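Chemist: Below are the chains, spelled out letter by letter.
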Amino acid sequence: MKSIGLTLWRQRVLFLFLLPGAAAVLVFSYAPMAGLVMAFQDYRVSDGFLRGEFVGLDQFRAFLTDPDFYAALRNTLAISGLTLLIGFPAPVALALMIDAVASSRFRKVVQSVTYLPHFITWVFIASLVYRLLDTESGIVNLALVKLGFEPVSFMQSPGYFWFILVLASVWKSIGWNSIIYLAAISGIDPELHNAGMVDGASRFQRMMYITLPSIVPTIALMFVLSLGSLVSVNFEAVFNLMNGFVQEKADVIDTFVYRNGVQMIKFSYATAIGLAQSVIASILVFAGFKLSNKMNGTKLL
Amino acid sequence: MNIRATGGERLFSILNVVLLILLSAVMAYPFLYVLFYSISDGVAAGATTITFAPVKPTLDNYKAVLGNAGIMNAFFISAARTVLGTVLHVLVVCLVAYAITKKQLLWRKPIIVFFMIPMFVSGGLLPFYVIIVKLGLSNHFLVYILPMLFSAFNMLLAKVFFDQIPASLEESARIDGAGDAIVFFRIVLPSSLPLLATLSIFAGVSQWNAWFDALLFVTKQNLLPIQTLLYKIILESQATTVEQIMRMTQSKTQVTSEAVKMTTLMVSTLPILCIYPFMQRYFVKGMMIGAVKG
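Protein chains in written order, with full-length UniProt numbering: chain V, 1 to 301; chain Z, 1 to 294.
Think of the hints as simulated: they come from the structure by calculation, not from any bench. Keep in mind the model is a prediction, meaning the values are calculated, not measured. Here a beta-carbon is modelled for each residue, glycine too, at the ideal position from N, C-alpha and C. Some clues are possibly wrong.
[Claimed, not checked] One-sided and incomplete, this derived list gives chain V residues near chain Z with beta-carbon spacing under 8 angstroms:
(1) Gly5
(2) Thr7
(3) Phe17
(4) Leu18
(5) Ala24
(6) Met38
(7) Ala100
(8) Pro151
(9) Met155
(10) Gly159
(11) Arg203
(12) Phe204
(13) Thr271
For reference, chain V alone in the conformation it holds in the complex (with noise of 0.2 angstroms):
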C-alpha cells in the first residue's frame, strides 16, 4: 500500500494532467450514461435522478404501441437504406476514379471541391437547398420549365423528400468519405500494376482487376461500421430540411425523440426509445464485425 502512496505522489503532475480531461468525461459522458435509468422510471423534471418513480419496462411498451413511432421508424429504415444504397458506393467510385487521373494538379484540385462539403454544416446546406428547389425562382425549376416540364414545389411534397435528403447527404459527405479509400489505393504495391501493365491491361481494366480488388478489406470495414447507422439517420440533415409539409416523410427516430423529449418534456419516454435503438445498433455493428470477419478471413476486432 504504501508503495502506491509513493507511486502516486512521483506521478502527481501526471495524474492533474489527466484531472480536466477526466472530470470532463465524468460530468458529459458517464453522468448520462448513469441517466439512463431515466428509462426505467417515470420521471418528472422537478425529480433527480434515481429519484423518479419506477414504472420497468412501461416507457418501452408505450413507444411499442405508438403509430407515430412506427412512421419515424419506417422513415429512419427508408432513409438509412437509400442511404446505404447510394452512399456507400459514391465514394468508392469517386476513389477510384480520382485514382485514375493521371494529371496530379487535377486530382488535387478534384479531391479540394469534393472534401468541402464536409465543413460546411446543415444549416448552410438546407437553406440553399430550400432556394435552389424553390418553385418560382429556384434554378432547378427554372431549368424544369425550360425543358417544358410544369414546375414542381419540391419541398412541400412528401413524396420527394427522401431522395432530397438523401443526395444532400450523398454531396456532403461524398468527398470526405473517399479520403479513406484513396488512402488504402495509395497502398497497394505498385509492383502489381506493373506486372498487369506488362500483360497489357488497360488503364480501366487495372482498376477493375487490381486496385478494386486490393481494397475490398477496407471496404468491408468501412460497410461493417455503417451497418450500426441503419437505425439513425443524420439528425442535423432530417432536422434542417424538414418542414410541416413533409412531416410524414420525414419525422426520423432521432427527431421524434427530440419532439417528445426536449419539446414535450417526456425525458423518460425519449430516454426509452433512445436507449432502445442505440442497443440494436451496437447488436447490428457486432454481427457485421462476425459477419466481416468469417467473410475475409482477417480478423477486425
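With the hints as your guide, set chain Z onto chain V.
Modeler: Positioned in the frame of chain V, the structure of chain Z alone reads:
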C-alpha cells in the same frame, strides 16, 4: 506510361475527366450561387432567377448585414467560443494523451479504458439534456465550452503523435532535472506543432459550426452564435432580425429579406472558406493517423 494509347484507353480517360469536372461543378455551384446572390441587387435578384452571374452587382447587402448589431454580436460570440473552446480543448486533450503515453503511469490500462468507453457508449440526447440543465449551464456561455472539452478520438490522435517523439529528446531534459510539467510544456508541445494544427482545425471547425447546443440550451438572443441565429432567421423564419435589418436600410430599399439571408449565409461561412486552403494538408494527415489507430 509507355503503353500504347488504344482508342478505348483514351475514351476512358476522357470520360473519367469529364465526369469529374461535372461532379466538381455540382460540388462548387451552390457556393457560387450564394456568392452571386449576396452581391446582387436584392430586388433584381428576386425578379429573375440567378444562374451563373450576379445581377446588378452591389455591396449593399453586405453593408446591411455587417451593419446589423444582432448579426455582428452573434459573429463575435462564434469567434469567442471558437477561440476559447479550441485552445482549451487542445490543451485538455494533449494533457491526457501525454499522461497515458507514460508506460509507468499507475493504473494506465484502466485509465485508458475509462477515456475510451464514451466512444462506444453514450447516454443519448435526453440524459445529456437533463445533466446540462441541472448543472445550470443553460443560458451560460460555458455551455459552449465545457461539454466540448474532451474527445477520445482526438486523444488517440495525440497519443499516436506523442509516441513518435524520440525518447532521447525528453531524456536529456530530465537529466537536467526537468519534471513532467516542464518536459510537457517546454519540450513536447513545441515539437508537436503539426499535431496542434490538426487538432485546432478539427476543434475549431466544430466549434464554429456548432448550432444545436445553442438551440437546446440558450434562449438569450445576445448569446446565440451565428450558426444558430442563421437557423432561426432562415429555417424557423424568425423574422425579427431580418425585419430589423430591413428597417435599418429603408433608404436602400434594394435590400430584400432573401438577399439578407443569402448574405448572412455567406458571412457565416466565410471564415471556413478562408482558412480551408491552409487546413487541407493537416486534416488529411490527421484523418490518416486516426484511421490507422482508431
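Chemist: All hints, please: hold or fail.
Modeler: Okay, the hints, checked on the actual structure:
| no. | hint | in the structure |
| --- | --- | --- |
| 1 | Gly5 | 10 angstroms, violated |
| 2 | Thr7 | 5 angstroms, holds |
| 3 | Phe17 | 4 angstroms, holds |
| 4 | Leu18 | 5 angstroms, holds |
| 5 | Ala24 | 4 angstroms, holds |
| 6 | Met38 | 6 angstroms, holds |
| 7 | Ala100 | 5 angstroms, holds |
| 8 | Pro151 | 11 angstroms, violated |
| 9 | Met155 | 11 angstroms, violated |
| 10 | Gly159 | 21 angstroms, violated |
| 11 | Arg203 | 6 angstroms, holds |
| 12 | Phe204 | 5 angstroms, holds |
| 13 | Thr271 | 4 angstroms, holds |
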